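Participant: Here the protein sequences line up with chains L, X, A and B, keeping their order.
Under the numbering used here, think of the first position of the first sequence as 7, with each following residue one higher.
Under the numbering used here, think of the first position of the second sequence as 7, with each following residue one higher.
Under the numbering used here, think of the first position of the third sequence as 7, with each following residue one higher.
Under the numbering used here, think of the first position of the fourth sequence as 7, with each following residue one higher.
Rather than coming from a laboratory, the hints here were simulated on the basis of the structure.
Not one of these hints is a red herring.
It does not matter which identical chain is meant; a pair holds if it fits inside one copy or across any two.
Using 20 Å as the maximum straight-line C-alpha spacing, the simulated EDC-like pairs for lysine to aspartate or glutamate come out as follows:
1. K235 - E287
2. K222 - E287
3. K281 - D229
4. K235 - D64
Because the structure is a prediction, the values reported are computed rather than measured.
There are 4 protein chains.
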Amino acid sequence: MSKEIKKIALLTGGGDCPGLNAVISAVTKSAILNYGYEVIGYKFGYRGLYNNDFIQLDMTTVSGLISRGGTILYSSNKDNLFDYAVEEEGKVIKRDVSDVAVENLRKEGVDVLIVIGGDGTLTSARDFSRKGVKVIGVPKTIDNDLGSTDITFGFNTSIAIATEALDRLHTTAESHHRIMILEVMGRNAGFIALESGIAGSADVILLPEIPYDINKIVEKIEDRKKHGKLFTIIVVAEGAKPKDGEVSVAKIVADSPDPIRLGGIGNKLANDLEKIVKEREVRCTVLGHIQRGGTTGTFDRILSTRYGVAAVDLINRGKFGSMVCLKGKEITYDSLENVIGNNKQVDPNGELVSVAKKIGISFAD
Amino acid sequence: MSKEIKKIALLTGGGDCPGLNAVISAVTKSAILNYGYEVIGYKFGYRGLYNNDFIQLDMTTVSGLISRGGTILYSSNKDNLFDYAVEEEGKVIKRDVSDVAVENLRKEGVDVLIVIGGDGTLTSARDFSRKGVKVIGVPKTIDNDLGSTDITFGFNTSIAIATEALDRLHTTAESHHRIMILEVMGRNAGFIALESGIAGSADVILLPEIPYDINKIVEKIEDRKKHGKLFTIIVVAEGAKPKDGEVSVAKIVADSPDPIRLGGIGNKLANDLEKIVKEREVRCTVLGHIQRGGTTGTFDRILSTRYGVAAVDLINRGKFGSMVCLKGKEITYDSLENVIGNNKQVDPNGELVSVAKKIGISFAD
Amino acid sequence: MSKEIKKIALLTGGGDCPGLNAVISAVTKSAILNYGYEVIGYKFGYRGLYNNDFIQLDMTTVSGLISRGGTILYSSNKDNLFDYAVEEEGKVIKRDVSDVAVENLRKEGVDVLIVIGGDGTLTSARDFSRKGVKVIGVPKTIDNDLGSTDITFGFNTSIAIATEALDRLHTTAESHHRIMILEVMGRNAGFIALESGIAGSADVILLPEIPYDINKIVEKIEDRKKHGKLFTIIVVAEGAKPKDGEVSVAKIVADSPDPIRLGGIGNKLANDLEKIVKEREVRCTVLGHIQRGGTTGTFDRILSTRYGVAAVDLINRGKFGSMVCLKGKEITYDSLENVIGNNKQVDPNGELVSVAKKIGISFAD
Amino acid sequence: MSKEIKKIALLTGGGDCPGLNAVISAVTKSAILNYGYEVIGYKFGYRGLYNNDFIQLDMTTVSGLISRGGTILYSSNKDNLFDYAVEEEGKVIKRDVSDVAVENLRKEGVDVLIVIGGDGTLTSARDFSRKGVKVIGVPKTIDNDLGSTDITFGFNTSIAIATEALDRLHTTAESHHRIMILEVMGRNAGFIALESGIAGSADVILLPEIPYDINKIVEKIEDRKKHGKLFTIIVVAEGAKPKDGEVSVAKIVADSPDPIRLGGIGNKLANDLEKIVKEREVRCTVLGHIQRGGTTGTFDRILSTRYGVAAVDLINRGKFGSMVCLKGKEITYDSLENVIGNNKQVDPNGELVSVAKKIGISFAD
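Pulled out of the complex, with its shape left as it was, chain L reads as follows (with noise of 0.2 Å):
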């Protein structure tokens, strides 16, 4: 069926995460030694593609790569091609330049294109799947709410590193009976908090899903003051939120840029509490970056490893306009169309929050 295929290209969009490096390094051996397929790779996400500007990509291009943090064709966050910012006399406008990228894929002879990223990369995967370009897409975001598959890479080597970030919060919290809280990722999903929260014992995990009542984590600290332990550890995923309304983010840090850096719902939480629990201190740690880089975790390693080659096998079948997945303990596809709009989210009623629940932790809610 695929009989013509001789080149195929990758791209890498969006936030750094774990396990790039490792999808790359995969696709590349695979479609070298099992298919004798070329293989180049654009710089900069969808940039490159729109300015043709990659390089070759071979064994020892990629030799050593596995384990590295980072992407070696670099990323851009928001680049889109359907709606690109283009200077025109003078002036900056948007325009779909989506054909530019269609062009300069049949000038080089690329046969099919991988794309490796998130909600917002392959959305633009699946519009190129619409205008007939062969695409297959490989799910990365640490926050591991894509639709369709169970699992993204990235994801485990982001809670370890939260979890081990805990697990020093905890020696402090407990020495000097301190209330602290760890701001991690996740805007609309709270995956992270929770299993970071379960694995690093908080005593309170509050969600994007679950709005949080904070007399009920003021009642967690009484709770624990009588039972004896003078110190409370809060997991907050990013994007939590009181249930009593949108935090005003204006309200906490005046005039700040950026939600992420300045203020933002661990700080808001912070300040709340203390005007509350007078006799302890509150401390708030926003892990930011540090948990999006560096070197990847030997699960995501694997996972990004089978991801790699199981997108060199789709295009050896020929089922593009598709991504990879995981389902239970199977690799398998999803088509684009389906994936795009289904993000997930944590079961408020799921096995992993009665999991929490039943051993103490409480979600405020």
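With the hints as your guide, set chains X, A and B onto chain L.
Facilitator: Frame of chain L, contents of chains X, A and B only:
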């Protein structure tokens, strides 16, 4: 159904495994907080059950326990109460003393026994179940070879340790142009070697399930040399075997009392390779007990917690004689009768071996 | 000389610091095994001394303690018994209650008090020494800014954590062409920023001791760009200051009660740089309490053990009113009178700053 | 004085050691940025100098190198150009080929040679210095036994790895009541065993410098049992010896070609102890090459950088024939003539052995 359950007991058997304490913690918390069960823990595995040697487990006992390696209940390796060494009239003879155990449970008012262990420990659990004791099993083995469950706790921590060791050996192999062998655990099943080998960028992986041809290893070394790679990393499971027959440990080490400690397949292979590949130094490291102790990894803390909570839920649901399992992403259970005798092995034609081969890893078959 | 010493007491004061428990362990073991002293530990620092709140310390209490973060004696941050907040007739007023402490020591039969703490805690230790109490000090501060000693325990673990964070930020900075700022501790002294900056391959290091010129940072960024490096890593000590005057935290964050938590110099710098270097995203991570808790590193375990043993030896030798020190590779001591008021800072003309400059790191001076 | 220096060369010799790349990086950056020297690196140690096999080193070559284990210049273990194996008329004979090396340096216009290595490599460096070559040495050995310097790079990373291994063995020893032996490197000097033993809470430390009495080890095991400690951790340096004479490795392992790999003192001790302490299982792990590779620790990154910068400064100051050293906290230098033949050993009456004894660690002496 289980209205009458008031008191449960726990024991841990077999070798060390990261996550034992996390299961103990989850069982205790979940049993007390959700069902009001009293919880005791027998010390030293079945020996404690025979000697009626136990401790009370409560919220304080298990505080801060989720990350700690080892087991606060201690363990014993080979105590089988159905064939137990007792001293009678100055001689040590083997007896079935299981009735003593059953009587101890009755006297203490223990309604259900949760047994955390591997194949041997769970075989006894099944046998107690056959005698009418209400038993729940929790699967434990770093080898990941127990039947009915996709994964056992401890395995992930173990492959992370082995992968880190491979990362370290890599720099030396590359700088000094060595052939480096790492021997990891796995007598009958090569899951640790396979997964750490992929994650740690091994060039050759040798498994019990795929007898190896030393000439194929030499071919791989030569092939790498042609591509400018003057070093080779080999991961070998302790149970790996050459195609041409059994390994005569006696031939390697004259009078060693312990094949794990002296000799072993890794050292045999090093000897054999040095005779053939004369221009390279060959070094073997036996990872040994380092891969089964210490701080429990994030993945295993979560899995152990899920297993512990599920075990208590099974009690509440009256599902005695069964073992908690993970199937895909779901926690479920199977009967101990099905579990015992159905150990898993790596499938030589399965996805993961295929993935490894596709990225160029040799199994020397 | 010290024939009459029979009982000694320990207390820990100030913020958390990896190695506190290792000192407690070494003092206890050494005092009991070598001199037969009885050992007690006051809880919550000086507050416990005031309230006569203590525990017995023996070989069992300190078993397995060397690696554990935090302090089993707990700590308090700002309790100064020479100016202590007490309630009298419904009002909180400050009183000198040090006589109560002296009387408590007398009543319990405590011959010598070992005080483990930083500048504030040791100032009180000196004051108790002036009142005639036999005191030995042990230097503790992750900032490494105490006088008379080359190094304090906790510092090495702290820079290891900061370096690991820099390693993680590096991959993201490089892949995404970002300017990444890491704010580390150090209000008055920049040792953590300096050493983690060198180890973590920072391009710019900003210290309290060397006021910075933002234009020099921009020059560095531009210079790197010319050499094909589209990213820059900046480590900034929390006490770093721009040349043109004090940082007005108020300008950054309107109503934040805690300059560590909201705002701070790292975020100010991010704001300032984003206005100048428009084509790059700037991200700031504040490492916070993660850098002062958790498992103690190897170096600090050994140093803390040496300090603990030396403190007990000083008792035996009757060298009261002094603090244990490390000078070069020798453990020695200095009088608390000399220590207090002689805090260290990074020498802007010293070897380590010079080393950093010679490998191309900018201090923006 | 050194106005004429225009080009310098680097080589790395001997076994792997974390920090080699960090020295290469610091030398290269400092030489280029501060003095405008051209820098080349000979590959495979002295062999590359003989074969005139080198690469150019510039800012790009060494970018991102500080943390990477191994050496980008590769190394060779036993190549001594003053007694070098060459093939003449079909036979391998040993010749002094140092003149070839001197001529190669002259032809390439290399003014100074920086040699990074241990005892053997630096002995040759001294010999080249005697022949009139301008040489600077940088001390490298994970064993930390080189004279004239307080500490060598690599040592700290090595004891951190050994300590982590001890932490892991601890949980298993405690849970399973085992006697656990860890054999670490150190043929002539026991620094690794001593420092990792203190940091990793060993109960017994065996050093080459303090011959051991096995009865004293048994006494320690019995004494611990009396205090309720049913496990014992022993760290043994590979060069440790029993009091009653040399270890006959031949007695342990009949025909092993490599005493590190098979047999060794750790395994001998395990055999011996099992015969005496019959009720306990004894397990030995040989840490091997894991302790000398992989990511370089924070301390060694800084020390290596200081050494590299200092080596270049010595060139500028014309201090040829010398080696950079650390004395206390100062970087200084000594002549290679003084360094060679003055290897260090652990002082059996020194502070660190005394500290270990005072906290209850036995040396079985």
